[in-house]
Amino acid sequence: MTAILAILEQRDGALRKGAPELLAAARQLADAAGATVDAIVFGAADMAGLDGLGAAGADRVLTATHADFAQYCPDGIVATVAALAGGYRAILTAATATGKDLAPRIAARIGAPCGMDVTGLALQGDAIRVTRPVYAGKAIQTVDLAGTAVIAVRPGAIAATAAGKAGAMSAVEVPAFTRRLTVREVRAPEQATVDVAEARVVVAGGRGLGDPKHFALLEELAAVFGGDAAVGASRAVVDAGWIGHGHQVGQTGKTVAPELYFAIGVSGAIQHLAGMRTAKTIVAINRDKDAPIFKVADYGIVGDLFEVMPALTEAVKKARG
Amino acid sequence: MKIAVCIRRVPDTTAKITIAGGGTAIDPAGVKFVINPYDEFAVEAAIALKEAAGAGETVTIALGDDSVQETIRTTLAMGIDRAVHLQGTGSADGLATARVLADHLRGGGYDLILFGKLAVDDYGQQVGPMVAELLELPCATAITALEVADGSATVEREIEGGTEVATCPLPAVLTCDKGLNTPRLPGLKGIMAAKKKPLEVVPVEAAAGQATIVSLALPPERPAGRIVGEGAAAVPALIEALTSEAKVL
Ligand SMILES: Cc1cc2nc3c(=O)[nH]c(=O)nc-3n(C[C@H](O)[C@H](O)[C@H](O)COP(=O)(O)OP(=O)(O)OC[C@H]3O[C@@H](n4cnc5c(N)ncnc54)[C@H](O)[C@@H]3O)c2cc1C
Ligand SMILES: Nc1ncnc2c1ncn2[C@@H]1O[C@H](COP(=O)(O)O)[C@@H](O)[C@H]1O
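Protein chains in written order, with this note's numbering: chain G, 1 to 321; chain E, 1 to 249.
Incorrect hints may have been included.
Quick look at which bits of chain G chain E covers, simulated, 3 or more residues with Cβ under 8 angstroms [to be verified]: (1) 103–110; (2) 114–125; (3) 182–189; (4) 293–306.
Note that these hints are calculated values from the structure, not bench results.
These figures come from a predicted structure and were not determined experimentally.
C-beta atoms are modelled at their ideal positions from N, C-alpha and C, and glycine is treated no differently.
Use the sequences and the hints to build the structure in full.
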């Protein structure tokens, strides 16, 4: 078992953006084990953007082509990976909606242990030792996974690196499989926006906004960051119907780890913190100086958001030139 | 429609976590235990589907020690017909748990087997799809919408930047996310009725599995942040900090 397999996600013929991070995680294990990294991509036809994968850490890039792979096809991917699995010490996916759907299926098919939402990984004798948040981020678990391990790595946890590997392309065979689940379509959100889980900057609002129309204040700040920013929300305002559930951050919403997180009129309930406490930099604006959000915020402004937000948006605009 | 719902007993999400068990588990003292919140969506879906069909049977299945019977009764009070308590200790390995559940479910004649998307204690996010693989059944995870008609299920699930719409024939395994429905609260009548509903106890043996918890620790505290000031007047100081300290602008 001398190689690490990284399953890269692709949609509509284009790689999803987490590929370099996942390859960095694979590289970390491979370099410790004296092993190589194979990236694998599943698609219906030739895929674009694979030539950069060597630079990001792939020794080889495997392509698996099948008509059913025009849409996400877990049954076909599981069958293909299971046929290859014997040669791998670890099989990695990103801990995205798709990666988390895939990892346990693969693990069960090949009889391997599965570590989800992993934020750190290393070799430990014959096992792979992973760390992962549990209890809504209130505790960190360290687990040894014996044998071939299937690991879903949390986006944002391990930074991409430049590795300068060959990235030689090679096609792999897709074995016969039964397609039990058929993805019919992927519906785009009403407005084409960045997903909170993928954004570099998240501007999140809570009940302090007072009215759904005041989300405009957050959208204006997000707009300053161009296509890099998304609007997030607390559960209180999602449940009130002010904004769609896709924006909810927290234990029953999305887990985000952006570089910059703004919590605007959000109190910072433990379930909200569960979804954003690993953000690199947290900024809180709240008129209550005792709001729990200030305990996790790197920078806070105590004040009325209606007064602070317009000034903040203007100032960020200026600072970014 | 014969529907199974697999549920887990977990600490209430607001519980304060303290570490015990030789540094590998939480201290259960003073912690309130509840049904896993995501499993409530599964319970609600099962009851609503049976109601809509006007016939069928709903069954709760839970692996755990005897304390799980209290949690099982909650589901019976919500309206589930009967329950099976797989009596044994769970494993840190989701696959070991999945094997016990699959062994019991196999041959049970279920049209649907429902799970929560994740258990809020171990955040495993794996038992449902693993059971599906072991039983060679179609599976959709983290669904936020479900329609069942003519022997097939149509589901929606949130993915990054969109909503995936998928279909599969029954029998199938589904894991439920928030947004699927609003779980009903057990009423007094339901609570009384639950006491008389059948609860079968089946002793089981879960293997140790290939995942071993080495340690459980409290997360590192975020370094203390600071209040840069009050009101709009504090904006320049914030911008300065974001530009030169955090370097994120
Ligand atoms: C099982 C479970 C799961 C949950 N999951 C989630 C989850 O995933 N995500 C989540 O967010 N919550 C979740 N919650 C809910 C959570 O407990 C809180 O109720 C929720 O996060 C509160 O939302 P909020 O901060 O918007 O509202 P509030 O707590 O009401 O806070 C509003 C804040 O705005 C401030 N404010 C008011 N007016 C202004 C103003 N003009 N200017 C500046 N500040 C102002 C107030 O000081 C206050 O701090 C969950 C709860 C449970 C029980
Ligand atoms: N001990 C158990 N007994 C029955 N069902 C379980 C058990 N553990 C987990 N499950 C089910 O599997 C789902 C996912 O759990 P997990 O993979 O641990 O996050 C839960 O929401 C339950 O539906």
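Results for each hint:
1. Counting residues of the region 103–110 of chain G whose CB lies closer than 8 angstroms to any CB of chain E gives 6, so the stated coverage by that chain holds, three being the minimum.
2. As drawn, the region 114–125 of chain G meets chain E at 4 residues by the rule of a beta-carbon pair under 8 angstroms; at three or more, the given contact holds.
3. Chain E is given as covering the region 182–189 of chain G, and this holds because 8 residues of the stretch bring a CB closer than 8 angstroms to a CB of that chain, at least three being needed.
4. Check on the region 293–306 of chain G: 11 of its residues sit with their Cβ under 8 angstroms from a Cβ of chain E, so the three-residue criterion for coverage holds.
The structure meets every hint from the earlier list without exception.
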